[in-house]
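Work out the full structure, taking the sequences as your base and the hints as a guide.
Each chain is listed here by its residues.
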Amino acid sequence: MSKIIMTVDDSASVRQMVSFTLKQAGYQVVEAVDGKDALSKLHGAAVQMVLTDLNMPNMDGIELIRNVRADPTCKFIPIVMLTTESQAEMKQEGKAAGATGWIVKPFKPEQLLAVVKKVLG
Amino acid sequence: MDVDMTRSGENNVLKLDGSWTIERANELKRMLLEALNSGESIVIDLEGLTDLDLSTMQLFCSAHRASLRECKRVALHERKSRSLKQMVRDAGFARTLGCHKDPNKSCLWIGDWKS
Amino acid sequence: MMEPQRQAYRAEAYELLAELETSLLALEECPADKELIGRVFRALHTIKGSGAMFGFDDIAAFTHDVENVFDLVRNEKLGVTKTLVDLTLRAGDQIRGMLDGPDGGEMTVTSVAGEITSALRELIAKGDNQVGQVPPLTLQATEDEQVERTYRISLRLDREIFSRGANPVLLLNELRELGECSVIANTEAIPELEELDPEQCHIGWDVILTTRRGLDAIKDVFIFVEDECELAIEFIDEPGCEDDDAPPKRLGKILIERGLVTQEDLQEALGAQTRVGQLLVDKGLVEPSRVDSALAEQEHIRAVRSKHQKEEQTSSVRVPAARLDALVNLVGEMVTVQARLSQTVSSMDHAGLLSISEEVERLTAELRDNTMSIRMLPIGTTFSKFKRLVRDLSGELGKDILLVTDGGETELDKTVIERLNDPLVHLIRNCIDHGIESPGVREAAGKPRQGTVQLSAMHSGASVLIRITDDGAGLDADAIRSTALEKGLTATGTELCEKELFSLIFAPGFSTTRQITSISGRGVGMDVVKRSIDALRGSIEVSSRKGIGTTITLKLPLTLAIIDGLLVKVGDGHYVLPLSIVEECVELTREDVARAHGRHITHLRGGIVPYIRLRERFAISGNAPEVEQIVITESPGGNVGFVVDKVIGEHQTVIKNMGKIYRNVDVISGATILGDGTVALIMDVPKLVQSVEMQESLTH
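Residue numbers (the numbering used here), protein chains in the order written: chain E, 1 to 121; chain X, 1001 to 1115; chain V, 2001 to 2700.
Honestly, I wouldn't trust all of these hints.
As the list claims (entries may be wrong) - When the alpha-carbon atoms are kept at most 20 Å apart in a straight line, the in silico DMTMM-like pairs for lysine to aspartate or glutamate are as follows: (1) E:K108 / V:D2220; (2) E:K95 / V:E2199; (3) E:K91 / V:D2220; (4) V:K2555 / V:E2634; (5) V:K2034 / V:E2019; (6) V:K2253 / V:E2299; (7) E:K95 / V:E2160; (8) V:K2034 / E:D60; (9) E:K75 / X:D1102; (10) V:K2687 / V:D2564; (11) E:K91 / V:D2227; (12) E:K91 / V:E2226; (13) E:K75 / V:D2158; (14) E:K91 / E:D34; (15) E:K95 / V:D2227; (16) E:K91 / V:E2160; (17) V:K2555 / V:D2527; (18) V:K2656 / V:E2299; (19) E:K117 / V:E2177.
By construction, these hints were calculated from the structure, which means they are not laboratory data. Note that this is a predicted model, so its numbers are computed, not measured.
In structure tokens:
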């Protein structure tokens, strides 16, 4: 059974790139456009890991992480945030909210897969 | 039913089937406490267990520890369970000496887990 | 990166540029609007970030400067001016130009771009230039091979680690990937059940790791948890740092080094003549798990050093294979004689002789294992021969096929490897001929033109699994069904599951391909393959998905000559079951039989296990004893028991082939000679189960 990963990003091209890379590596992917969308899709899809951007309209990544960690049914799933070098504070905030790890944008597909393997096994 | 407790005399058999990971750690703790408080020994039957993680291992260890103080017994049944063996090896639980409070070497992790 | 992805990026970038323009123009109206500034920044940020991911490196580089400026604006270190808006609008045009460029971004940076960049940099210089230091994107260079060193890593994670979605076992596994690794968990801090919060982690670890990858690679493993854990990495051993010939550190020394006991305690403990570890534990001076951990370190270093020594002794001796075969035969005889010796001695009640006999038994077992290991060869040499085969055949058929091999270091008995060659050739030919489609067909199906055949080998218990996987068309279940009907291999109306259906391709005379090629398709392949694998006491399994590909798995025993067996008795006859599949032995009483009302099943810890009565199966006359024994064995379809009169015990079984006359008896895989000279038959358990199943399905 392949593992299911959710990618949350308001940029369609990032979602597509992440999705494409993960599917090539044999994962199943669920896409969400922002934190709100992600929360609404999280339960139905038996998601085993979340990859989320931080800057997003409606509900940003930090808020999403807090919500996931507060939900008893999925509070232990790994969450990796997509950050940038200039977002050191955001990264700290994300960690405090309960993010498992992070990956710095821009990244290459192999870097993404390495991080996924690191937190999902 | 993926969990089942049966009694035979003073012995409680706690049968865990399927996946018992951190999501159910609190539930497992309750079951173990109940089993420990209501009998002289617990056999944890893992034959149908498919998935466990560190939190499960920690609970088994903790239950064994609690049993020592009250001179009760905890044992794992079907140590050949593939997922258990894998976890014992991966998490480095295999022991030769057991722990401090365990003079009789009833430690759950003593033995050969290699093959 | 694939073209559709680049196209998606282009489309999105155009959208973002349009948004950028709108936001910039609005920003000119109200320069202090934070919302607008945020939107501009996000647009630039995405253009840059995704650009780099999709290979538009010059767009990423160019946009980088613009983004930096707006980062300053966002942080209120720079104000929005007309100059800035002008420059940014021009930058937007420039990016659009680069997107339109012939090769999407490969266009050289024009003088305009240079002009904009320098003007922007000037602006940055006016603001706080702390930010413009984004390091260029590089993939982390893998560290070069360094000297192999051994480290002691002690790790204690934050208790809340589970609530951050982290799994410490994955960290340990990552360390294992770096090199030889011994892991010991420290469990003494786990509270008793009442007090335990099961969602917290109270476990710590000591890890001894030998790696060439250096300290940074180790630290990288912990990158996501480094702020939330106590991590100590010490360097403890290196080849040549101390005299390699010196014995590994004594246990006591390791414990002192780790600050777990004092020199005085140790001295005192050493005064008594027992093992130090046990002694220190008994005295309550140190936690047992710490001693275990120190023992693991000692063991680890010993292993690493001996590996080194082995590597250094590269010299080897070439020996003719015939001499090796002769040696194996002699060892076989030796094992038989030893069994006889043990048996004779045990009936003599002679203590002195008994200890000698036991010594001989031990030595013989060691001799056996050593001899067998000499015969083990890596399968890789066979694998490499197939590269050429695939290349030639695919050329002949006008197909484009890549052979990927994996696990070539897996060792197998020399004879098994030799006899495996022909079946493997057949199977690979089949993949190439029937499995992989021609490039045109593949392309039409949305697959890459080049097909892949994967050949892999791995250990699994006492067997080796060899897999041949192709990403071709897969087996056509309907075609197999109709051919099987046509050839009378199955009756009309019989419902076969997929597995049964696929196994029909091994039936003699089976072939579904309409066209016969020079390579395969005459239907003489697969049944021959199956027979060869059977002869090696192996099994073969097919799984396939239409359009996706086919996997054929061969399961082979590690060696052919000697196995560990369980010797049992039924009537006057002796039989051997391979010990590797024996689960346990239980008693079967007359009452048990009566209670089952004639059905051949027994109850075992709440479950039911069907059994086969060997006495009936082999038509052995005479009466069964009051209490019989059931040997429970592991079978693919669940456990199956075999009822015997008596279980005698483990037996080192030297396999002798049966004569030609018995070739059709497939429930017996061979014979062996016991200590007293009698012959015991070796049972082929899967075959036996199969034959009983077949008989039952016929009678019902």
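Evaluation of the provided hints:
Taking the CA atoms of E:K108 and V:D2220, the gap is near 18 Å; set against the 20 Å cutoff, the hint holds. This hinted pair checks out: E:K95 and V:E2199 have alpha carbons roughly 18 Å apart, not beyond 20 Å. As the CA atoms of E:K91 and V:D2220 are separated by approximately 18 Å, the hinted pair is consistent with the 20 Å bound. Taken as a hint, the V:K2555 and V:E2634 pair is honoured in the structure, with Cα atoms around 15 Å apart against an allowance of 20 Å.
Distance hint between V:K2034 and V:E2019 is fulfilled; the C-alpha atoms sit about 16 Å from each other, no more than 20 Å. At roughly 14 Å between alpha-carbon atoms, V:K2253 and V:E2299 fall within 20 Å of each other, so this suggested pair holds. Restraint check for E:K95 and V:E2160: the C-alpha separation of about 12 Å stays at or below 20 Å, so the hint holds. Restraint check for V:K2034 and E:D60: the C-alpha separation of about 17 Å stays at or below 20 Å, so the hint holds.
This hinted pair does not check out: E:K75 and X:D1102 have alpha carbons roughly 35 Å apart, beyond 20 Å. Note on V:K2687 and V:D2564: the hinted pairing holds, with a Cα-Cα distance of about 19 Å set against a maximum of 20 Å. A threshold of 20 Å between alpha carbons decides the hint, and for E:K91 with V:D2227 the separation of about 13 Å falls inside it, so the pair holds. With a C-alpha separation of about 14 Å, the suggested pairing of E:K91 with V:E2226 holds against the 20 Å cut-off.
At most 20 Å may separate the alpha-carbon atoms for a hinted pair to count; E:K75 and V:D2158 meet this at roughly 17 Å. In summary, the hint linking E:K91 to E:D34 is supported, as the alpha carbons are separated by about 18 Å, within the 20 Å threshold. Simply put, E:K95 and V:D2227 have alpha-carbon atoms about 10 Å apart, close enough for the 20 Å limit, and the pair holds. Between E:K91 and V:E2160, the direct Cα distance comes to roughly 18 Å. Compliance with the 20 Å bound is thereby established for this hinted pair.
Taken as a hint, the V:K2555 and V:D2527 pair is honoured in the structure, with Cα atoms around 16 Å apart against an allowance of 20 Å. With a C-alpha separation of about 40 Å, the suggested pairing of V:K2656 with V:E2299 is violated against the 20 Å cut-off. Our distance criterion of 20 Å between C-alpha atoms is met by E:K117 and V:E2177, whose separation comes to about 12 Å.
Hint violations for this structure: numbers 9 and 18, all remaining hints satisfied.
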